[in-house]
Amino acid sequence: MALYAGQVAGGHRGAGGKKPVVKFAVWLASSALMLVLASPSLAQTTVPAEATAQSVSFSIPAQPLAGAIKAFIRTTGWQVGYPAALVGNLQSRPVSGRLAPQAALQAMLAGTGIAVRITGPQTVTLVDAKAAAAAEGGDTTVLDTISVAGGNRGVSLGTSSLSDTGTTTISGGQIVARSAGNDANDILRNLPNVQYQNDIDDDAGVSDQDLIDLRPREVSISGARVYENNFILEGMPINTVTGTADSDDDTDVEDSLTPADVNRVYGLHSQSIYVPTDFLESTTVIDSNASARYGNFQGGVVSYKMQEAAKDRWKGNASTDFSTSRWTGYHVGTENGLNPNGVVEPEYIKRRSSVSLSGPVTDNISILGQYSTQSAVTSKDKDYRYTEKRRVTEESKNDFYRGQVKADTDFGDFTLEGVYTHYDQIWENARWRNMQINQAARGLNSKLEHNYEFADFSLGGVTLSNVKLDSKLTYGQSSTINDVNGNVARAFTQSAVKSRAVYWNATSLSDWCRTDPTQTIATLCYDGANGDRELGQEQISWSQDVTGDIWQGSFRLGAEYTYTDAYRRRPEDVTYYTSYTTIAGITSFSEYTCNTADECNSEMFAKSKSIYKAFDIHAHLNQFDTYAELEQTWDWFNVRAGVRATYDDYMQNLNVAPRVVTNITPWEDFTISLGANRYHSAQSLAFAIRDGVPRPENFSRTATSTGVVSDFAAGRSTGYFLNSASDLKTPYTDELSLGISGIEPLFDGQWRLRFLDRRSKDQYASEKTGSNYVLTNDAHGAYQSVTAEYSKELDVTAVSGLDQLLLNASVTWSRREVSNNSYYEDSLEDEYIYYHGQSYTKSGFNVVTGNMDIPLRFQAGLSSSWFDDTLKLDVNANYNVGYTGAKYTDENIVIDGRSHEIYEDFDFDPLLTVDLSASYQIYKKDEAGLTLNVRVDNVFDETGNATASATRPWLVGRTVWVGAKATF
184 MALYAGQVAG GHRGAGGKKP VVKFAVWLAS SALMLVLASP SLAQTTVPAE
234 ATAQSVSFSI PAQPLAGAIK AFIRTTGWQV GYPAALVGNL QSRPVSGRLA
284 PQAALQAMLA GTGIAVRITG PQTVTLVDAK AAAAAEGGDT TVLDTISVAG
334 GNRGVSLGTS SLSDTGTTTI SGGQIVARSA GNDANDILRN LPNVQYQNDI
384 DDDAGVSDQD LIDLRPREVS ISGARVYENN FILEGMPINT VTGTADSDDD
434 TDVEDSLTPA DVNRVYGLHS QSIYVPTDFL ESTTVIDSNA SARYGNFQGG
484 VVSYKMQEAA KDRWKGNAST DFSTSRWTGY HVGTENGLNP NGVVEPEYIK
534 RRSSVSLSGP VTDNISILGQ YSTQSAVTSK DKDYRYTEKR RVTEESKNDF
584 YRGQVKADTD FGDFTLEGVY THYDQIWENA RWRNMQINQA ARGLNSKLEH
634 NYEFADFSLG GVTLSNVKLD SKLTYGQSST INDVNGNVAR AFTQSAVKSR
684 AVYWNATSLS DWCRTDPTQT IATLCYDGAN GDRELGQEQI SWSQDVTGDI
734 WQGSFRLGAE YTYTDAYRRR PEDVTYYTSY TTIAGITSFS EYTCNTADEC
784 NSEMFAKSKS IYKAFDIHAH LNQFDTYAEL EQTWDWFNVR AGVRATYDDY
834 MQNLNVAPRV VTNITPWEDF TISLGANRYH SAQSLAFAIR DGVPRPENFS
884 RTATSTGVVS DFAAGRSTGY FLNSASDLKT PYTDELSLGI SGIEPLFDGQ
934 WRLRFLDRRS KDQYASEKTG SNYVLTNDAH GAYQSVTAEY SKELDVTAVS
984 GLDQLLLNAS VTWSRREVSN NSYYEDSLED EYIYYHGQSY TKSGFNVVTG
1034 NMDIPLRFQA GLSSSWFDDT LKLDVNANYN VGYTGAKYTD ENIVIDGRSH
1084 EIYEDFDFDP LLTVDLSASY QIYKKDEAGL TLNVRVDNVF DETGNATASA
1134 TRPWLVGRTV WVGAKATF
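Going by this note's numbering, the sequence shown wraps up at 1151, each residue one higher than the last.
Please keep in mind that the hints were generated in silico from the structure rather than gathered at the bench. Just so it is clear, the structure is predicted and the values come from calculations on it, not from any experiment.
Pairwise CB distance ranges (calculated):
| hint | residue 1 | residue 2 | range |
| --- | --- | --- | --- |
| 1 | L921 | Q835 | 30 to 40 angstroms |
| 2 | R496 | P1093 | 48 to 58 angstroms |
| 3 | V1117 | F807 | 46 to 56 angstroms |
| 4 | N1075 | I926 | 55 to 65 angstroms |
| 5 | V957 | V1117 | 49 to 59 angstroms |
| 6 | S439 | E755 | 20 to 30 angstroms |
| 7 | R942 | R496 | 45 to 55 angstroms |
| 8 | D1073 | V680 | 27 to 37 angstroms |
| 9 | I847 | D1088 | 40 to 50 angstroms |
Below, computed lysine-lysine pairings styled on DSBU-like, alpha-carbon distance capped at 35 angstroms:
| hint | residue 1 | residue 2 |
| --- | --- | --- |
| 10 | K655 | K912 |
| 11 | K565 | K1070 |
| 12 | K563 | K681 |
| 13 | K572 | K681 |
| 14 | K796 | K565 |
| 15 | K975 | K1108 |
| 16 | K498 | K1148 |
| 17 | K796 | K563 |
| 18 | K1148 | K1108 |
| 19 | K498 | K1107 |
| 20 | K651 | K498 |
We put the beta carbon where it would ideally sit given N, CA and C, even for glycine.
Please build the complete structure, drawing on both the sequences and the hints.
This is the structure in structure tokens:
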């Protein structure tokens, strides 16, 4: 049941000549050749063995050596063994910038008299340098008992910097346990300050499009909207700045006699690249106390780290998995538990596969190529009135390509990298004859990066060491395309009814349309489609980032220039013939006389039409960012102070965002942190490209008493939609955080307790002026949370066969309050809600309460490895405590001439969900192996508090994936 080539491979009609994969390969090959030709010394340069290790970004200030080793472990995930007496009261040297882990460890130990012994790929033992030399000379040395500290390859709290109290890194088995399907964003589920659930949804039943939707999950971080996060892939921003919501409340395509909104671009997403889990090494989430190096967000920062090109040998892997509706738990989710329309359980098949190949081509150049694909297919019944086909097949496909070239030279380290997303999702309206939309997405991001390390030097008498310069040129383009199979739509009249009985049928439609015998009203048959739409962006940026050690800590300076060209277009006019007049019941003449071929025949003519004019709106933005940050440690006191300044020529606002975090460590392994930060939005162009979209032009006509049809006459001119933010302030969020963290003495586990308070100010709001909405800065919001987290590698020596057991757990209480007029995407015909004596727009109310905001949540995860890594078991559980929220009462009230749905307080039940994944290696020889895997999401088949409607009654519970992976 593969995707139809005609549907998917055809793509967008304006997408250009070569296939995306060919264009991507040509771009990558030519860029790599340019890099090699520009540096003739590349092939002759020899790199020491230790430099072939993958580099890691370090920021470990000078401190007691025991603490520095723990920071090294948190940063790298390496295991470090050493006699407890060896480190004593020794002090470490500061380490910052990108280094190979072994080099960083040796730099940190410089002058301590401690030597490093490599005992495995990511394991080392620290020994006394003199004792080690004596042992090599033949003397016998008795070493003290060695304690081994290991990196938690599940969930790690914080980084080597004490100020990163809002940072969490997920790796290893927890990536597998948390990611449903192949979506990297699913890893974020159930993290503190990450929300994705919606308990008040009363139409949560799964649709055909839900089943095949392979786009990443949208999440809210720290109370912000889903499009206000900063997603980063391998140092490249992958965010869409063109907006993910349009001027209506209809967010998804659905089968309806009303055509899909002709002005809306369906399938919008906050990310330009859809990241799969296949090649992930780790995911870092920053929900508070973000460094000044990060900007353009009001929510959080998510940074994906993928596998790097191998430098030691050629290696690769291939995997395949699939899931089917036969293994899915379906439940009728209507309020009364009934399925009155007899809707059958939806069927689907999902498949995914990936391949990766990497290795060195010379002593100092290595390359990597990766490909991941996922597809889904489902089907549904066509409306009875259409006779040409009875079933509709819908498919989706998500392809991800990645290439990387790394070169270590005498002039520094170069990285050339590109990623590409090619996504298609077909929808066909079952209630129209042939309306079909391919909700396509294309995204390309690339970078040329240069890392250079300077020798230590003095500037104005101040010594600077470990100074590193990171220069980066990035290019990206992305688009969301609604590739529609026509630009003329018609609402024909097939039958006429009198006294609940059909007395006339159209003969001109009989080859494809028939009258539904169960209907007691006139049958309309809908034909055609309503035109292509596209929204996208092109970005190029140049940035430089300087880090190093100074005084009692480190510094960071950086600047970035970004040019963005955003656009929104409809390439051709769209015509919708909205109503037809028939000859039914007319006795004065037998047929119409058509003086025009414009939708007129002997038995009916179009009496009204709307024309939606073509448009192509562009908005350009030049943005300049600069930041400075200094982190210093004096014995028990640490402070990181920074500032970020941003200016762009669209908003023309100079935005200054101070960032400060202070840390007090009164005793070892116990730290008190206090942070105050500001973050600015980066969504201004979303409004610019929606400003000036033409409103429809309406026409009408009639027939004379003798049946002569007149020409169309134009109605009143309706002008344009207005939506500009250029004269407004930039929305921002102020944050205060308080936390305590450390290593607990009983089991030596990481723990963290935090309070977060955010206040959103100058947020965009919409006020109605005449027939237009005018943007203002009158909206506001607030978010508070209390989180407690724990992470620990447990002692497994007493359990036979158990190699490693990692535990992580958290509890989160959160509350969000947002003004009720805070979305620019409210439409002129919005639905309204009445709650606690106040009127809300529906979209505004979804933010006020219940929108991905569960007040109290518990989470726990376990990752285990057995029998020399032959068997791996990972489990993740989430428990939502019951709470009182708001829900629709199925009653309405009219206020100020507008109908309002009445919402009242409702007690929501607690919910426990458990996800399980397991893998078993059935073959292993040298570097080759074959592993079988299974994943079960929602093991206990729970459906939660959301309910379904009679038209979409089925809620999805348990799902199962099975597959295999080969390595070589």
